[in-house]
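Participant: Assemble chain B onto chain A, guided by the hints.
One line per chain: the protein sequences are A and B, in this order.
Per the working numbering, the first sequence starts with residue 1, numbered consecutively.
Per the working numbering, the second sequence starts with residue 1, numbered consecutively.
Some hints here could point you the wrong way.
Which chain B residues stay away from chain A? Per the calculated CB distances, all over 12 angstroms, these [to be verified]:
#	residue
1	Lys22
2	Pro51
3	Lys69
4	Lys73
5	Ile76
6	Glu77
7	Lys80
8	Thr85
9	Arg94
10	Thr101
11	Gly117
12	Ala118
13	Val119
14	Gln125
15	Glu130
Heads up, simulated BS3-like pairs for lysine-lysine below, C-alpha to C-alpha not over 25 angstroms straight-line [stated by the list, open to error]:
#	chain 1	residue 1	chain 2	residue 2
16	B	Lys73	B	Lys22
17	B	Lys108	B	Lys80
18	A	Lys2	A	Lys44
19	A	Lys44	A	Lys13
20	B	Lys73	A	Lys115
21	A	Lys115	B	Lys80
Derived list of chain B stretches under chain A, where covered just means 3 residues or more per stretch with a C-beta under 8 angstroms from a C-beta of chain A [stated by the list, open to error]:
#	region
22	53-64
23	104-115
FYI, nobody ran anything at the bench for these hints, they're computed from the structure.
Built from N, CA and C at the ideal position, the CB exists for glycine as well.
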Amino acid sequence: MKSREQIAELVEKFLDGRTTNSEERELYAWFGSAEVPEEWSDLKAMFAWYEAGMPEQKLSRQAETPRSRRSMWLTIGSVAGIAASVALIITLILPDVDDYVDATHLKHQQSDIYKGSYIVEHGVRSDDLSYIEGDIEELLERADNLEQRADELLAWADI
Amino acid sequence: MKRLLLVMALLVAGVVESSAQKHIDALLNRDIGGVQSGYQCTKRIAVKRDPVSGEVVKRVMEVVINDNKGLAKQFIEAFKLDLPTSEVCEEQQRGKTYVATAVWLNPKRVYNISVTGAVVVVNMQTIYREEEN
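Isolated chain A, as found in the complex:
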């Protein structure tokens, strides 16, 4: 059994991080006994904690280290992910925006082409070109077919 002085030396050595595993087990055993002086009660609690495998610290380290690492990677990953997403969105959306702008421009142009067109159905007149455009285009297609037939007749008649 070691004396208090020897234990005090071992404690110093432990706190300096120079103790061997067997010395540490010795300290845990000594401080685990009931003969620990009251003034060393803090040390008793400390070694009990070390002996138990530093549960809280271990937990917190287990939790913190990976978390901090994870959060670091998450941060890097998030930034990279966001950058990639933004790049992807720009790549995917810009052509769509262009298409949309082109389509809108084209639609506007088409509306201008058909300006003055209207439909009267059941006594209700509609000249909203965005609404009747499809009908107007179908009508013009039918008219084109009839015009073709008319051209054939004119050709037969040699006119």
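Facilitator: Relative to chain A, chain B alone:
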């Protein structure tokens, strides 16, 4: 069996008048399809313009009348009266359907009618300028 009546009319000078399609136009210009007309009617007017100048290239009117035998008869009569004034025309009786197409020039006007029972479809167009393909 389809009965086909093809009439090609070549008319001499002086036939191209504004009143050349007067009987048909008179019917088309009536307030057909009004709220109190008592029959279904759809009138579509398509104006096609030059995208650059905005000038009208073609004007099309299509009138679809449902369930009005009286008006169907009047349209057939009007076409029969106006066809001789056209540059060229074609009349066909396809079973129960009467179809006629007539063309006037300067400006080029194409009138087409299709009547089946009480259903009338009249399509008339005025081509002010030939489009470039």
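Participant: All the hints need checking, so say for each whether the structure fits it.
Facilitator: For each hint, the structure was consulted:
The Cβ of lysine 22 of chain B lies farther than 12 angstroms from every Cβ of chain A, with a closest approach of about 20 angstroms, so its non-interface assignment holds. Separation of proline 51 of chain B from chain A is inadequate, the least Cβ-Cβ distance of about 5 angstroms not exceeding the 12 angstroms criterion. Even its closest Cβ contact with chain A, about 20 angstroms, leaves lysine 69 of chain B beyond 12 angstroms, as expected for a residue assigned away from the interface. With 12 angstroms as the threshold on Cβ separation, the claim that lysine 73 of chain B sits away from chain A holds: the shortest Cβ distance comes to roughly 22 angstroms.
With a minimum CB-CB distance of about 18 angstroms to chain A, isoleucine 76 of chain B clears the 12 angstroms threshold, and the non-interface call stands. No Cβ of chain A comes within 12 angstroms of the Cβ of glutamate 77 of chain B; the nearest lies about 21 angstroms off, and the non-interface call holds. Distance check for lysine 80 of chain B against chain A: the nearest CB is about 17 angstroms away, which clears 12 angstroms, and the non-interface claim stands. At roughly 14 angstroms, the least C-beta separation between threonine 85 of chain B and chain A is larger than 12 angstroms, which holds for a residue marked as non-interface.
Residue placement check: arginine 94 of chain B keeps its beta carbon more than 12 angstroms from all beta carbons of chain A (closest about 14 angstroms). With a least CB separation of 6 angstroms from chain A, threonine 101 of chain B falls inside the 12 angstroms interface cut-off, contrary to its annotation. Residue placement check: glycine 117 of chain B keeps its beta carbon more than 12 angstroms from all beta carbons of chain A (closest about 21 angstroms). Consistency note on alanine 118 of chain B: stated as away from chain A, and its beta-carbon is indeed over 12 angstroms from all of that chain's, at 17 angstroms minimum.
Valine 119 of chain B, annotated as away from the interface, keeps every beta carbon of chain A farther than 12 angstroms; the closest lies near 16 angstroms. Taking the minimum C-beta to C-beta distance to chain A, about 5 angstroms, the non-interface status of glutamine 125 of chain B is violated against the 12 angstroms cut. A beta-carbon of chain A is positioned within 12 angstroms of the beta-carbon of glutamate 130 of chain B; the least distance is around 9 angstroms. A distance of roughly 16 angstroms separates the Cα atoms of lysine 73 of chain B and lysine 22 of chain B; the hinted pair therefore holds under the 25 angstroms criterion.
Proposed proximity of lysine 108 of chain B and lysine 80 of chain B is supported: the alpha carbons are some 19 angstroms apart, at most 25 angstroms. Restraint check for lysine 2 of chain A and lysine 44 of chain A: satisfied, since their Cα atoms lie roughly 16 angstroms apart, inside the 25 angstroms limit. Taking the CA atoms of lysine 44 of chain A and lysine 13 of chain A, the gap is about 16 angstroms. The hint holds against a cut of 25 angstroms. With a C-alpha separation of about 33 angstroms, the suggested pairing of lysine 73 of chain B with lysine 115 of chain A is violated against the 25 angstroms cut-off.
Between lysine 115 of chain A and lysine 80 of chain B, the direct Cα distance comes to roughly 33 angstroms. Violation of the 25 angstroms bound is thereby established for this hinted pair. A count of 5 residues in the region 53-64 of chain B with a Cβ less than 8 angstroms from any Cβ of chain A is obtained; the coverage claim is therefore met, three being the minimum. With 4 residues having a Cβ less than 8 angstroms from any Cβ of chain A, the region 104-115 of chain B passes the three-residue criterion, so the hint holds.
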